[in-house]
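Residue numbers (the working numbering), protein chains in the order written: chain A, 1 to 328; chain B, 329 to 647.
Keep in mind that the hints were calculated from the coordinates and are not lab data. The structure displayed is predicted, hence computed values, not measured ones.
Cβ-Cβ distance ranges computed for the label pairs, FRET-style:
no., chain 1, residue 1, chain 2, residue 2, range
1, B, SER500, A, VAL85, 28 to 38 angstroms
2, B, ILE640, A, SER200, 35 to 45 angstroms
3, B, ILE530, A, ASP8, 33 to 43 angstroms
Idealized CB from N, CA, C, for every residue including glycine.
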Amino acid sequence: MGSKTFNDIIRDRLDEVKRNNIIAKREEEEANKLNRIRKPTNLIFNFIFFLCSLACLIPVVFVFMISISSEQSLAKYGYRFIPKVFSSVSYRFLWNERDVIFNALGISTLVTAVGTLIGVILTTTMGYVLSRPVFKLKSFFTWMVFVPMIFNGGMVAQYVVNANMLKLKDTIWVLVLPLAVSSFNVIISKTFFKSTIPDSIVESAKIDGASQLNIFIRIVLPISKPVLATIALFLTFSYWNDWFQSSLYITNKKLISLQALLNNIMRNIEYIANNPDGGLSLQQYKTSMPSESVRMAIAIVIVVPIACVYPFFQKYFISGLTIGAVKG
Amino acid sequence: MFRKNEKKKIKRRRWTRDDTELALLGFPTFVWYVLFSYLPMFGLIIAFKNYKISAGRGFLYGLYQSAWVGLENFRFFVESNSFIMLLRNTILYNVVFIALGLVIPVTLAIMISQLYSKRRSKVYQTAMFFPHFMSWVVISYFVYAFLNPDKGVMNQILAYYGKDTIMWYSASKYWPFILIFMQVWKTVGYSMVVYLASITGIDGTLFEAAVIDGATKFQQARYITIPCVKPIMIMMFILSVGRIFYSDFGLFYQVTQRVPNSLYTTVSTFDTYIFSALQLNVPIGRTAAASMFQSVACCGTILIANWIVSKIDADSAII
Numbered sequence: 001m002g003s004k005t006f007n008d009i010i011r012d013r014l015d016e017v018k019r020n021n022i023i024a025k026r027e028e029e030e031a032n033k034l035n036r037i038r039k040p041t042n043l044i045f046n047f048i049f050f051l052c053s054l055a056c057l058i059p060v061v062f063v064f065m066i067s068i069s070s071e072q073s074l075a076k077y078g079y080r081f082i083p084k085v086f087s088s089v090s091y092r093f094l095w096n097e098r099d100v101i102f103n104a105l106g107i108s109t110l111v112t113a114v115g116t117l118i119g120v121i122l123t124t125t126m127g128y129v130l131s132r133p134v135f136k137l138k139s140f141f142t143w144m145v146f147v148p149m150i151f152n153g154g155m156v157a158q159y160v161v162n163a164n165m166l167k168l169k170d171t172i173w174v175l176v177l178p179l180a181v182s183s184f185n186v187i188i189s190k191t192f193f194k195s196t197i198p199d200s201i202v203e204s205a206k207i208d209g210a211s212q213l214n215i216f217i218r219i220v221l222p223i224s225k226p227v228l229a230t231i232a233l234f235l236t237f238s239y240w241n242d243w244f245q246s247s248l249y250i251t252n253k254k255l256i257s258l259q260a261l262l263n264n265i266m267r268n269i270e271y272i273a274n275n276p277d278g279g280l281s282l283q284q285y286k287t288s289m290p291s292e293s294v295r296m297a298i299a300i301v302i303v304v305p306i307a308c309v310y311p312f313f314q315k316y317f318i319s320g321l322t323i324g325a326v327k328g
Numbered sequence: 329m330f331r332k333n334e335k336k337k338i339k340r341r342r343w344t345r346d347d348t349e350l351a352l353l354g355f356p357t358f359v360w361y362v363l364f365s366y367l368p369m370f371g372l373i374i375a376f377k378n379y380k381i382s383a384g385r386g387f388l389y390g391l392y393q394s395a396w397v398g399l400e401n402f403r404f405f406v407e408s409n410s411f412i413m414l415l416r417n418t419i420l421y422n423v424v425f426i427a428l429g430l431v432i433p434v435t436l437a438i439m440i441s442q443l444y445s446k447r448r449s450k451v452y453q454t455a456m457f458f459p460h461f462m463s464w465v466v467i468s469y470f471v472y473a474f475l476n477p478d479k480g481v482m483n484q485i486l487a488y489y490g491k492d493t494i495m496w497y498s499a500s501k502y503w504p505f506i507l508i509f510m511q512v513w514k515t516v517g518y519s520m521v522v523y524l525a526s527i528t529g530i531d532g533t534l535f536e537a538a539v540i541d542g543a544t545k546f547q548q549a550r551y552i553t554i555p556c557v558k559p560i561m562i563m564m565f566i567l568s569v570g571r572i573f574y575s576d577f578g579l580f581y582q583v584t585q586r587v588p589n590s591l592y593t594t595v596s597t598f599d600t601y602i603f604s605a606l607q608l609n610v611p612i613g614r615t616a617a618a619s620m621f622q623s624v625a626c627c628g629t630i631l632i633a634n635w636i637v638s639k640i641d642a643d644s645a646i647i
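Take the sequences, apply the hints, and build the full model.
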């Protein structure tokens with residue numbers, strides 16, 4: 001024993017701890033095995049969830065299949081899971097109309113990016129302010145955030161204020177600003193700051209002469225990445241998926257977002273057709289367009305970015321939801 | 329959602345530099361709340377006025393000049409033919425949504441927490457979470473692919489079995505089921521994951537003790553799991569009861585293809601009514617009255633629901 005160095009002792013200790021952990025885990029697993037559902041039940045449950053998952057995913061696959069069917073086969077056989085005749089005509093059509101599509105995509109992206117940025121700033125600053133234990137206006141601000149959760153002006157009053165008083169109609173800001181803050185998000189960030197930022201850090205920084213803005217930017221934000229990610233994601237999806245603001249306030253074709261475009265062409269497929277190829281009149285062009293598959297193709301253009309991204313960020317969503325559910 | 333005793337902790341003290349800095353930090357959000365949250369509340373006075381646009385003048389001038397009509401706009405709305413129908417639809421749909429929104433996700437969450445394979449459970453969660461990330465506009469296209477009268481899957485199946493095809497978008501008797509199905513389809517994965525998060529947070533020793541006492545799986549769910557997720561269920565319940573006069577506008581408007589006339593009495597809710605009134609030239613005061621009715625009624629129900637819950641179980645109330 002005497003010849004062992006300090007490092008050896010430490011290493012032995014660590015090994016022991018590791019071994020104990022493994023044993024404890026195994027014991028827990030054994031205990032869990034005692035308390036498991038029976039094999040057939042497990043199979044049945046798996047089957048049920050498999051069906052539920054299919055029900056959630058199949059519509060997307062189906063719409064994709066329609067979007068790559070040829071217009072004639074759609075007219076003849078209806079919508080089918082496996083198209084009789086494949087065709088990329090709808091995507092080629094969208095490519096021809098790329099002015100409209102890219103403009104809408106640009107608006108969607110711009111609104112999402114700017115809105116998320118503004119929203120995160122407004123939400124987290126208020127969350128931080130509310131999380132400070134001593135602040136003169138704290139109860140005032142708390143009430144200010146809380147009241148809109150149980151009472152709001154309603155659709156019409158909001159419309160009147162945004163359109164007539166703030167003159168936001170047909171501007172990009174009407175898509176951005178009204179959705180930027182929600183009291184739910186403010187409370188999530190407040191709860192997070194309160195539970196993870198030790199007061200002592202803030203106090204010591206204050207003694208060193210840092211202003212609250214400095215503390216917030218230099219100390220609080222860098223250690224709050226999980227909550228920033230959560231709120232940014234909530235906002236990103238709500239901006240990307242928003243069509244309601246557009247349908248209320250936007251008439252200018254230049255400001256149509258992807259969702260609004262999809263919304264408009266549901267009723268009127270010609271909405272998109274204003275770019276006839278040479279030699280065709282507008283009327284001929286409209287009749288020649290693959291209207292059924294084009295509709296579905298635009299839906300796919302909207303869904304694909306979400307479908308690619310959300311599995312990676314799902315855990316932030318869940319953590320945000322559970323933080324939000326904590327009273328505090 | 330804040331503790332009541334917090335207010336007492338703040339003692340009288342002088343205004344410090346710290347307070348100024350925090351106030352400045354919160355100022356932009358304060359402005360946002362004033363403009364987009366409190367100004368509309370103030371804007372509700374339009375519901376008590378017979379607002380007329382005065383040409384060439386600002387909106388505020390027009391508002392100031394319009395005559396007060398008291399509760400005339402409300403009377404018009406409540407006495408109109410649509411009111412009872414709207415009230416019935418909105419509340420009935422919401423009652424079904426609230427009931428299913430508690431029962432189905434909790435059941436599924438308990439089931440999914442029992443699966444042997446954790447990896448498979450993750451895959452199922454991810455798949456079922458997917459609809460939550462899609463807008464109703466996109467979903468309305470999915471529904472259209474199934475219900476389209478000539479080409480949709482449903483009618484192809486009906487035709488295959490030799491049945492008469494159905495003009496889905498004008499057959500009102502099917503729509504309550506379709507709407508309920510779509511609502512459950514879109515929200516079930518999301519709520520299931522919320523409940524699952526709180527189920528996995530339950531202390532494992534509780535279940536171990538139950539096993540030693542010989543409890544069956546069903547008894548464990550009944551006496552351990554459900555009481556442990558009850559606070560979240562109650563919170564979800566109060567929040568959804570607080571929105572009982574509102575409806576998910578996208579569901580009722582987009583999925584039905586903009587509320588066709590043949591479906592009007594089956595699928596109209598307050599929100600679709602107000603939205604179409606905004607698009608048409610209905611006097612804005614009347615529309616505002618309908619909208620204010622919603623806000624006030626909801627504020628009332630959320631306070632009552634919370635009061636009842638606080639009487640039964642003070643810890644579960646949210647205010």
